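Listed below are the residues making up each chain.
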Amino acid sequence: MNDNTRTRIFARLESAVQHGSFNISEPGKPEIPDLDKKQKIDLLKKNMEAVRTQVHVVEKEKWIDILKNIIKDKNINSLVYGPGTEIGTVLEQSLGEYREKLIKYDRDIEDFKSIIFESDAGITTTLGAAADTGALILWPDEKEPRLISLVPSIHIAVLKAENIYAGFSQAVEKQRWAEKMPTNALLISGPSKTADIELTLAFGVHGPKELIVLVLD
Amino acid sequence: MENKKFNFKENTAQALLDSRLRKNLKFAMGAMIQKRRAVFSNAQELEKLRVLGNSIRRRALSKLPELLEKLENKCTENGIIVHWAETTNQACEIVLEIMQKHKADKLVKGKSMVSEEMHLNKFLEQHGIEAIETDLGEFIIQLAGETPSHIIVPAIHKNKDEISKLFHEKIPGTPYTEEVEELNAIARKTLRKMFYEGHVGLSGVNMAAAETGTLCLVENEGNGRMCTTVPPVHIAVMGLEKVVEKLEDIPPLIRLLTGSATGQLITTYVNMITSPRKAGEKDGPKEIHLVILDNGRSKILADPQLRQTLQCIRCGTCLNHCPVYTRIGGHAYGFVYPGPIGKILTPQMEGLEKAGAMTTASSLCNACEEVCPVKIPIPELIRRLRNESYDLNGTVQGHGYKKHFMETAAWKAWELVNRIPALNAASTKMAGLFGHMLPKAGPLKEWTHTRTKPVFAQKSLHETVKEQGVAHE
Numbered sequence: 001m002n003d004n005t006r007t008r009i010f011a012r013l014e015s016a017v018q019h020g021s022f023n024i025s026e027p028g029k030p031e032i033p034d035l036d037k038k039q040k041i042d043l044l045k046k047n048m049e050a051v052r053t054q055v056h057v058v059e060k061e062k063w064i065d066i067l068k069n070i071i072k073d074k075n076i077n078s079l080v081y082g083p084g085t086e087i088g089t090v091l092e093q094s095l096g097e098y099r100e101k102l103i104k105y106d107r108d109i110e111d112f113k114s115i116i117f118e119s120d121a122g123i124t125t126t127l128g129a130a131a132d133t134g135a136l137i138l139w140p141d142e143k144e145p146r147l148i149s150l151v152p153s154i155h156i157a158v159l160k161a162e163n164i165y166a167g168f169s170q171a172v173e174k175q176r177w178a179e180k181m182p183t184n185a186l187l188i189s190g191p192s193k194t195a196d197i198e199l200t201l202a203f204g205v206h207g208p209k210e211l212i213v214l215v216l217d
Numbered sequence: 001m002e003n004k005k006f007n008f009k010e011n012t013a014q015a016l017l018d019s020r021l022r023k024n025l026k027f028a029m030g031a032m033i034q035k036r037r038a039v040f041s042n043a044q045e046l047e048k049l050r051v052l053g054n055s056i057r058r059r060a061l062s063k064l065p066e067l068l069e070k071l072e073n074k075c076t077e078n079g080i081i082v083h084w085a086e087t088t089n090q091a092c093e094i095v096l097e098i099m100q101k102h103k104a105d106k107l108v109k110g111k112s113m114v115s116e117e118m119h120l121n122k123f124l125e126q127h128g129i130e131a132i133e134t135d136l137g138e139f140i141i142q143l144a145g146e147t148p149s150h151i152i153v154p155a156i157h158k159n160k161d162e163i164s165k166l167f168h169e170k171i172p173g174t175p176y177t178e179e180v181e182e183l184n185a186i187a188r189k190t191l192r193k194m195f196y197e198g199h200v201g202l203s204g205v206n207m208a209a210a211e212t213g214t215l216c217l218v219e220n221e222g223n224g225r226m227c228t229t230v231p232p233v234h235i236a237v238m239g240l241e242k243v244v245e246k247l248e249d250i251p252p253l254i255r256l257l258t259g260s261a262t263g264q265l266i267t268t269y270v271n272m273i274t275s276p277r278k279a280g281e282k283d284g285p286k287e288i289h290l291v292i293l294d295n296g297r298s299k300i301l302a303d304p305q306l307r308q309t310l311q312c313i314r315c316g317t318c319l320n321h322c323p324v325y326t327r328i329g330g331h332a333y334g335f336v337y338p339g340p341i342g343k344i345l346t347p348q349m350e351g352l353e354k355a356g357a358m359t360t361a362s363s364l365c366n367a368c369e370e371v372c373p374v375k376i377p378i379p380e381l382i383r384r385l386r387n388e389s390y391d392l393n394g395t396v397q398g399h400g401y402k403k404h405f406m407e408t409a410a411w412k413a414w415e416l417v418n419r420i421p422a423l424n425a426a427s428t429k430m431a432g433l434f435g436h437m438l439p440k441a442g443p444l445k446e447w448t449h450t451r452t453k454p455v456f457a458q459k460s461l462h463e464t465v466k467e468q469g470v471a472h473e
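In order, the protein sequences belong to chains L and P. Taken in order, the first sequence gives residues 1 to 217; the numbers are from my numbering. Taken in order, the second sequence gives residues 1 to 473; the numbers are from my numbering.
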């Protein structure tokens with residue numbers, strides 16, 4: 001880095017902020033609706049379905065059965081997951097006849113790239129969701145790499161209903177993000193989309209073509 | 001485009017003759033306005049959010065040196081390498097150096113207006129490096145050899161037929177199709193290969209939180225995530241005004257940004273990057289560089305009125321609502337940032353003598369100010385820059401470039417006529433008697449090209465009222 005460049009920029013900035021008032025009023029807080037669990041699930045579902053996400057609200061014990069149906073209906077032949085995650089263990093133990101379709105993302109991308117780029121689907125956990133914006137919160141980590149939710153054509157996300165927040169601001173505050181930001185935090189609201197050609201909405205341009213959310217209530 | 005002398009008048013005339021462009025823009029801008037209106041249906045709620053957005057941005061600007069230093073420290077602590085660039089050329093050199101260090105000859109790029117400001121693709125090309133635009137809109141215009149015409153929807157000036165032809169001609173082995181889904185599939189296939197092979201990915205930064213050293217990126221396609229996750233090296237470029245103080249400032253700003261830009265509650269992806277790949281993590285870049293660009297911004301900050309320009313969050317909604325932009329499109333403006341925000345940003349960056357003509361393209365109808373999510377008084381700043389164009393004692397680079405003898409003399413005469421009652425009476429009389437004889441020459445000829453020549457009354461209003469009184473009080 002050129003230290004002179006930095007010094008000159010900062011000298012100009014320091015001098016600039018001395019000129020005149022900025023007329024600042026201390027920013028308030030965004031208004032967050034007060035919702036109960038059912039309302040949060042309904043609002044999240046409504047907002048996410050509006051952007052073509054498929055949302056299934058299921059009983060905690062039954063999510064594997066729903067997943068099996070999805071694998072069958074969508075003809076999924078390879079499902080990437082993060083071993084060692086809470087859902088990873090359940091998948092390994094309970095997927096029955098579909099177990100052979102599971103692919104562990106258990107090594108560095110440099111050795112896994114060709115596999116994930118060929119996979120049909122990926123399944124991830126979520127840290128929560130923001131109901132008023134209709135988005136899932138993902139914090140990928142060493143057990144659950146970032147590309148599972150991006151590269152395969154279908155992304156399946158598992159969300160516990162108790163982790164749905166009324167809004168993004170509320171999640172940031174209550175989960176105390178500022179104290180422990182991960183390598184990459186993500187909000188995901190739907191399948192990849194674009195409207196760059198005559199504003200016509202088209203899905204799956206670079207990321208997943210489908211986003212399926214299993215809300216465990 | 002900046003290499004040629006900027007002739008706004010000619011550009012505008014050309015654009016207005018292009019009926020297909022006008023049709024494309026009329027449809028697109030109408031649709032964008034509707035979508036924004038739908039997402040911000042509660043006017044009171046929107047107003048509160050705008051006030052909040054305005055305070056967040058003002059507070060950040062008031063502490064800019066402190067916040068940038070904090071951002072730099074936090075990023076460095078998190079393992080991100082921070083670079084500073086005073087000029088666009090310096091910023092390009094930094095990117096080139098990183099590419100060369102990694103012996104990389106291909107760059108996969110997410111959408112970034114700052115990289116457009118840097119003319120990065122052209123610079124890299126001159127050094128044997130290919131920059132591949134991966135945002136669909138940017139990909140389209142790169143194939144066409146053009147520049148973006150809109151901040152958010154770069155290929156908005158093109159319709160489906162034009163894009164179909166372009167894909168067919170420029171992407172080897174591509175059959176002609178007008179199906180949007182198929183065109184997307186073609187782009188997906190072509191660009192997936194690039195993501196797979198890319199060694200270095202580049203992105204912009206929508207906002208950066210100083211508190212945690214987090215770079216925030218919003219997008220719908222997933223190409224931004226691809227560029228910042230698949231290649232082993234990620235370079236982020238940002239203008240130095242993009243920093244905010246706290247992480248909690250990000251959610252309301254994103255709400256304002258996505259709602260204003262595309263009428264969405266939120267984009268498909270909000271990508272918040274705080275560090276390169278940590279030990280044990282299996283993907284993500286091993287190296288992240290952040291290039292922070294000044295390019296005149298620190299000078300803009302020094303002016304208490306004009307610094308409001310830097311509050312901009314680049315949502316592009318002022319373009320969508322501008323009656324001038326909607327008729328001439330982005331290319332006519334001749335510089336990277338078009339529309340109302342371009343009119344106030346570009347002349348300050350490039351100098352009034354080069355880009356000041358942009359400020360004339362406004363009827364000061366206030367539409368841009370009414371929709372601006374962070375309440376930038378754009379018309380007020382346009383007026384300021386127009387005044388600076390004639391002011392030899394101004395402060396903006398290139399001030400006073402329009403001042404010339406005839407103009408000064410005309411206004412001096414105007415002042416005298418309005419200050420001295422006898423002169424006023426005489427000139428009113430003269431206008432009534434000889435006004436019809438004014439030849440259509442010089443400025444009057446130009447003015448009457450699209451307007452009817454005014455006819456002066458034989459008697460002044462004062463005289464008429466004196467004689468007849470006021471009939472309808």
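Keep in mind that the hints were calculated from the coordinates and are not lab data. Model, not experiment: these values are computed from the prediction. The beta-carbon is built from N, C-alpha and C at its ideal position, and this holds for glycine as well. Please note that a few of the clues may not be correct.
[Claimed, not checked] Pairwise CB distance ranges (calculated):
| # | chain 1 | residue 1 | chain 2 | residue 2 | range |
| --- | --- | --- | --- | --- | --- |
| 1 | P | Gly280 | L | Glu100 | 21 to 31 Å |
| 2 | P | Lys122 | L | Ser15 | 46 to 56 Å |
| 3 | P | Glu10 | L | Thr200 | 53 to 63 Å |
| 4 | P | Ser363 | L | Thr200 | 29 to 39 Å |
| 5 | L | Ser15 | P | Thr360 | 48 to 58 Å |
| 6 | P | Leu392 | L | Ser25 | 43 to 53 Å |
| 7 | P | Pro172 | L | Thr200 | 55 to 65 Å |
| 8 | P | Ser363 | L | Glu31 | 47 to 57 Å |
| 9 | P | Pro172 | L | Lys37 | 26 to 36 Å |
| 10 | L | Asn23 | P | Asn42 | 24 to 34 Å |
| 11 | P | Gly280 | L | Asn77 | 23 to 33 Å |
| 12 | L | Ser15 | P | Asn418 | 37 to 47 Å |
Structure-based check of all given hints:
no., hint, verdict
1, P:Gly280 to L:Glu100: 21 to 31 Å, "holds, 28 Å"
2, P:Lys122 to L:Ser15: 46 to 56 Å, "violated, 33 Å"
3, P:Glu10 to L:Thr200: 53 to 63 Å, "violated, 33 Å"
4, P:Ser363 to L:Thr200: 29 to 39 Å, "holds, 32 Å"
5, L:Ser15 to P:Thr360: 48 to 58 Å, "violated, 32 Å"
6, P:Leu392 to L:Ser25: 43 to 53 Å, "violated, 36 Å"
7, P:Pro172 to L:Thr200: 55 to 65 Å, "violated, 25 Å"
8, P:Ser363 to L:Glu31: 47 to 57 Å, "violated, 35 Å"
9, P:Pro172 to L:Lys37: 26 to 36 Å, "violated, 54 Å"
10, L:Asn23 to P:Asn42: 24 to 34 Å, "holds, 26 Å"
11, P:Gly280 to L:Asn77: 23 to 33 Å, "holds, 29 Å"
12, L:Ser15 to P:Asn418: 37 to 47 Å, "holds, 41 Å"
The structure fails hints 2, 3, 5, 6, 7, 8 and 9 (numbered hints given earlier, in ascending order).
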